[in-house]
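Trainee: Each chain, written out:
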Amino acid sequence: MNLRPYVYATGLVLVLAAVLLALPPRSAGQVKLAAGSFFVPLFSAEAGLQRVRNYAADKTATREELLEQNQRLALTNEVLRIQIQQLRATAEENKVLRIQVAFAATNQWKLRLGQVIGRDPSNWWRTLQINLGSRHGVREGLPVLTPDGLVGRVHEVHPNRSRVALIGDPACRLSINVLPSRENGILTADGATVFDHTIVNLQFLPAHTGARAGDPVVTSGLGRLFPRGIPVGKLLSVAPAPGALNSNARVKLAVDSSRLNEVWVILP
Amino acid sequence: MKTFYTLGLLVIALFALYLTATLEWPQRITGTRIDPLPALMVCAALRAPLRALTVLAVLGSLWQTSLSADPPGISMIPLFAVGVAVSLNRRAIHTRLWSARFAVGAAAGALVPLATVGTLLALGREPLLGWFSLWQLAVISLASGLLALLFFPLLQWLDKTVENQPLAAPYDTTTLIKRTPH
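From first to last, the protein sequence lines stand for chains A and B. All residue numbers for the first sequence refer to this note's numbering, where the first residue is 1328 and numbers rise by one. All residue numbers for the second sequence refer to this note's numbering, where the first residue is 270 and numbers rise by one.
Derived by calculation from the structure, the hints in this document are not laboratory data. Keep in mind the model is a prediction, meaning the values are calculated, not measured. Fair warning: there could be bad hints in the mix.
[Unchecked claim] Derived coverage of chain B by chain A (criterion: at least 3 residues anywhere in the stretch with Cβ under 8 Å from a Cβ of chain A; other residues may be distant): (1) 277–291; (2) 321–331; (3) 336–344.
In this text, a Cβ means the ideal position worked out from N, Cα and C, and glycines have one as well.
This is chain A alone, in the form it adopts within the complex (with noise of 0.2 Å):
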């Protein structure tokens, strides 16, 4: 057998491999746009099909559907709107209190909702990838979220999409405050998530914590990547750790991105 071309071959795979290896990030995430746009047309197909999914859903509902649709939207109005109502009063007396102790206004978040269109075919990450690109000011670290709580952040942004690390990937470690007792600590990833990816390890509590199970988990915002007071889950278990200079616990996230089709960009 002529093993002349399997040599020539082998040599060319390992000099690509090593160069595309070798890529600094900027050129790396160039190689890989340049690769993901041949999906391009499949998901500007599957946009396509879920639109006329939706145009003959809407086409074939009934008017008995609608109307108790249209009842049960005016009433969540109603109560959205009293909500806002009581909020707007705590937001003018935050504000006046703030003035007060001379705290930073806070700004209101610009959202933007983007559908989920994939998600990591790997084993060893988690990312998913939405339909938000730096044409629509998406841009590297903002958080994503949903209305249940955070879901990551992006990693990796290109013209018409973008990548998002969840918890629990290692590109998306957090600071935390656990409520009530205000203890500060941070999220990772470590074998459990694997099985169970709702599940994450809290680091560095303080040694003697008053933190419990069932204790909520909200962003700390801390290092001003993420806003402060974001819910991220709840407390599983605490592992005190007496003599060692800090405790683990475990944390089960509020949202399960496995099921997530829809999430929000919080826009600079």
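Using the hints provided, position chain B relative to the given structure of chain A.
Mentor: Relative to the frame of chain A, chain B by itself:
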């Protein structure tokens, strides 16, 4: 080079990767994302020329990593190595036996992710690993064996459909025609 066959192979790889990234139910049922490329590479290596295998390893790996947080081309060498190993030993593999196809597909399905994770660790990355990763490896291996059973007839059909086959004699060679004088 079988140009149309190679193009067909790439289209199948593109669709398979797209489905891996968008279908959620395999992950919900097994807790694992299935990698279709090792099974496809094995089936391709049983019939395709070396150039087609090289193109599949390079483009397949780049496409896969474009949908993932992996560095570009991380699985290129493992995929190509599997392709070359099967291609060099294609006469030793009893492709008519389902069990042989399944075994080769399953072995490739286990080796490629192992080598890819090894490369990631060697590069100083921190992939998410735990005891459950062993279960995921077993599922990927099993699924890869099953996918090999699916891809083999598909690629056989593709080869027959888009490439010229060696022509058979246009007459029956077993019958002797004896002409008698008038």
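Trainee: With reference to the structure, classify each hint as holding or not holding.
Mentor: Quick rundown of the hints versus the structure:
1. 277–291: Coverage by chain A holds for the region 277–291 of chain B (7 residues, Cβ < 8 Å).
2. 321–331: Since three or more residues must qualify, the claim that chain A covers the region 321–331 of chain B holds, with 6 doing so at under 8 Å.
3. 336–344: holds (count 8)
Violated hints are absent here; each numbered hint is respected by the structure.
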